Amino acid sequence: MSISRREFLKVSAAATAASTIGVSLLPGMQKELFADGLNWHKSVCRFCGVGCGIMIGEKNGKVVAVKGDAQNTINNGHLCVKGFYLQKVVYAKTRLLHPMIKKNGKFERVSWDDALSFVAKKFNAIRKQYGPDALAFYGSGQAETEETYIANKLFKGAIGTNNLEGNPRLCMASAVGGYLTSLGKDEPAGTYADIEKAELFLLVGSNTAEAHPILFERIMRHKAKNPDVKIIIIDPRKTPTDQVADLHLFPKPGWDLAILHAMARILIKEGYADEKFIKQSVNFHDNKKKITFEEYKKFLEQFTPEAAAKISGVEPEKIIKAARMFGKAKTAMSMWTMGLNQRTRGVWANNLVTNLHLLTGKIGVPGSDSFSLTGQPNACGGVREGGGLCHLLPAHRLVKNPKHRAEVAKVWGVPVKNIQPKPGKHTIAMFEALNKGEIKGIYIMCTNPAQSLPNASKYWKGLKEQFVVVAESFFPTATTEYADVVLPAAFWSEKEGVYGCTERRSQYMPQVIKPQGEARWDAFILRDLAIKMGFKKYFEKYKTAEDIWNEYISLTKGTDMDLSGAPYERLKKIRGITWPVPSVDHPGTYKRYTKGDPIFDALPAEKKKGRRMYFYGKPDGKAIVWARPPKGPEEPTDAQYPLALSTGRVLEHWHTMTMTGTVPELVRAVPIAYVEINPKDAKKMGIENKDQVIVETRRGKLQIEARVIDRPEPGTIFIPWHWEKWMANILTIDAFDPGSKEPEYKVCAARIKKA
Amino acid sequence: MSLLLRKHKKQKGKAMKRLFVILMILVTAGLLVGLTSSDEGNVKEKHPDVDFSVSCVECHTEVTPDIVKEWKGSAHGKMNFGCYMCHGDGQQEFYAHPGSQRCISCHPQYEVDFSKTKASNCYDCHQGHTLKFHKTDE
Chain L
19 MSISRREFLK VSAAATAAST IGVSLLPGMQ KELFADGLNW HKSVCRFCGV GCGIMIGEKN
79 GKVVAVKGDA QNTINNGHLC VKGFYLQKVV YAKTRLLHPM IKKNGKFERV SWDDALSFVA
139 KKFNAIRKQY GPDALAFYGS GQAETEETYI ANKLFKGAIG TNNLEGNPRL CMASAVGGYL
199 TSLGKDEPAG TYADIEKAEL FLLVGSNTAE AHPILFERIM RHKAKNPDVK IIIIDPRKTP
259 TDQVADLHLF PKPGWDLAIL HAMARILIKE GYADEKFIKQ SVNFHDNKKK ITFEEYKKFL
319 EQFTPEAAAK ISGVEPEKII KAARMFGKAK TAMSMWTMGL NQRTRGVWAN NLVTNLHLLT
379 GKIGVPGSDS FSLTGQPNAC GGVREGGGLC HLLPAHRLVK NPKHRAEVAK VWGVPVKNIQ
439 PKPGKHTIAM FEALNKGEIK GIYIMCTNPA QSLPNASKYW KGLKEQFVVV AESFFPTATT
499 EYADVVLPAA FWSEKEGVYG CTERRSQYMP QVIKPQGEAR WDAFILRDLA IKMGFKKYFE
559 KYKTAEDIWN EYISLTKGTD MDLSGAPYER LKKIRGITWP VPSVDHPGTY KRYTKGDPIF
619 DALPAEKKKG RRMYFYGKPD GKAIVWARPP KGPEEPTDAQ YPLALSTGRV LEHWHTMTMT
679 GTVPELVRAV PIAYVEINPK DAKKMGIENK DQVIVETRRG KLQIEARVID RPEPGTIFIP
739 WHWEKWMANI LTIDAFDPGS KEPEYKVCAA RIKKA
Chain H
542 MSLLLRKHKK QKGKAMKRLF VILMILVTAG LLVGLTSSDE GNVKEKHPDV DFSVSCVECH
602 TEVTPDIVKE WKGSAHGKMN FGCYMCHGDG QQEFYAHPGS QRCISCHPQY EVDFSKTKAS
662 NCYDCHQGHT LKFHKTDE
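Chains L and H, in that order, give the protein sequences. So for the first sequence, my numbering puts the first residue at 19; every next one is plus one. So for the second sequence, my numbering puts the first residue at 542; every next one is plus one.
Just chain L, same shape as in the assembly (with noise of 0.2 Å):
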């Protein structure tokens, strides 16, 4: 059977534009392929930070299909290998379908009330003997704004300890530090929106095709339409993303910052730098105090591209080539995730991205824009919006500001003086402090640290000895191996919540189905966890997701991200919108800091004048340009260790596995782990492809099968780290950054052998 190309044509095009404004315009033309009698919902993906909008087809009470939401400006109805089999993910065999407690070392299965109550008692008998700090949560980017909003508000407010902490911690705190450093206040100033009008993109640290696909297909397609569009990677390893470079920088893992002060250096002195700018919007500052633009300008001279050459091991000709194609596009968007995330001085090199942007006024207008990219669906909504990590409280405030310590306390309905002032353990201070035995019980939601967390088996001494809860929708995992009480928790399509993802937007995700097995939704276990402790006045107001949001919101009103023009009824029509959001009227905010900012355009003139981009989150309003020493990794390569390693990811599978390793599809594609090594260094080693190797770190040793291919360069190897039982955090350094906290996951120091 046929049909003209023509006649084709015109039936999908129409069909597209009548999916797109919801109106058929063809009666009759469009039909379901599905099923019949499928009903669908309109929803968001669980995987990465992207936010890519799903529909959820559900038939009598069961998901049975996902589709692409159409109607969804990030991701216009297409999905990535991962979001595709959702479906599948629901129905997974290792789905966790009851509470069990572990009873002379078996999980043996107990009724809901049961596994509370012991969970409750548990941790008030710690609380009394040992006080507040001896109890902590560790908490997950994946888990709703309402459920971590729960969580916070039970352990800070409650309790009484700032012991919570949350896994965004592991991959976006450095991204925080360097917003807050450098402009202010946290999150990007653009959207993605700024991808089709941009004429330059420089990814720095970023495997963009693998981590962040569906934002990698709209820069393809971008550069396809217009073949000026240039690409610039900066990466130590070649990936998928090499496909649409125009340049590649390939840096000693860890020693790229000085590449980043000479691009600085070479767009001031070649006449790239936007004065008036500058003038206007932008203070110097090195580590110690203000400095002048003079003065950081005799800062750079110390990096002329040889010398930076010699540093990072870049050709001096890429770095200039590198630097004036900047200078030089109109328009730039920069976009890193954790090759600077995860780093002993992320936070610098986050700074000295962002550095680029301010020297050359590309920040601010249509097309240009720092724009860190998410890994996990609600680190930015729940984590960093929500405050759940040790320093602060929801809506961007600290712990330690009494005024925001006050507020909170107000909406939360607790005594002021149950909120402490001094921030509470950072994640790898937390799991230090449970192997110390200072911190005797903890509850771990939505998350697998055990074999997350960097220089992983040093910690399950403390998870093995301490009491630990485990809310989880999977078992087992690497953590429920060392769990007291493991709680089954609703999945996604199984609850609803709010999402916020990389570009400030926030969506609404409905239930469709009722819980597998006795599954119940992590805010509610919080709640009924927090009444069974004695809290019951502070929580039996929450009947609904919808009541918690609507709390949650009402502290972000008059905030930077201010959401209270977003709540359910309006979130539930729309495809999310992006913050600040002051009004139900008002159309969510593209720019911040500048015009169309409703915080922007409420300042006073005199502030304004004269001045495109207000910064409002610093005194004066002026971003801050860094000169940042250029520390290289806490672990340098050595006679002793001579390759770099560096971990990753790889497009079918996501963290570890918990999700993607129950769809035989994804297994399929990835079915081991490996580590990538350079056929240079392989052949003096006598490693051929497909050969058993040990890769070996001073913290530990992986037996692995080797791939011997030309993406990582000599010197540098690379292993993807989703699986448990090649688990390479057994081998990364828990070194961190000493400002953001975030461990340097991407640099240590390694020897490789065959088995």
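Note that these hints are calculated values from the structure, not bench results. Just so it is clear, the structure is predicted and the values come from calculations on it, not from any experiment. Honestly, I wouldn't trust all of these hints.
These stretches of chain H come out as covered by chain L in the derived footprint (C-beta under 8 Å, 3 or more residues) [as the list claims (entries may be wrong)]:
| no. | stretch |
| --- | --- |
| 1 | 594–605 |
| 2 | 609–621 |
| 3 | 626–637 |
Every residue gets a Cβ at the ideal spot worked out from N, C-alpha and C, and that includes glycine.
Given chain L, work out where chain H should sit, using these hints.
Showing chain H alone in chain L's frame:
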């Protein structure tokens, strides 16, 4: 073929198994040429029993290099959206000649009623691996 055998000479049994795979694929392909309808629910297909610890694309780079080349040059190949997305994992699900439902999961804007067109599924117009139009009246 010789490359395949050479590479796996240590595991002669495995190589023989792969030889069988190639033959099966050729036979399957031949059978499917005559099919006009590709409603995957109506066709019980079985992927040959192979070493499933090897990824689809790794094995098929050797056994069906032309198809892999076509796929690599397509939009799917550029995104590394692999064989499994249309054909299943090969063990629990396998569709030698997939239907259109999977296409629509990522391309919902093309959800048309085929009874109103001359096409019966996406593949009537799109070559499954290059994704280019391969059948037109013009």
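Against which earlier hints does the structure fall short, listed by number upward?
none
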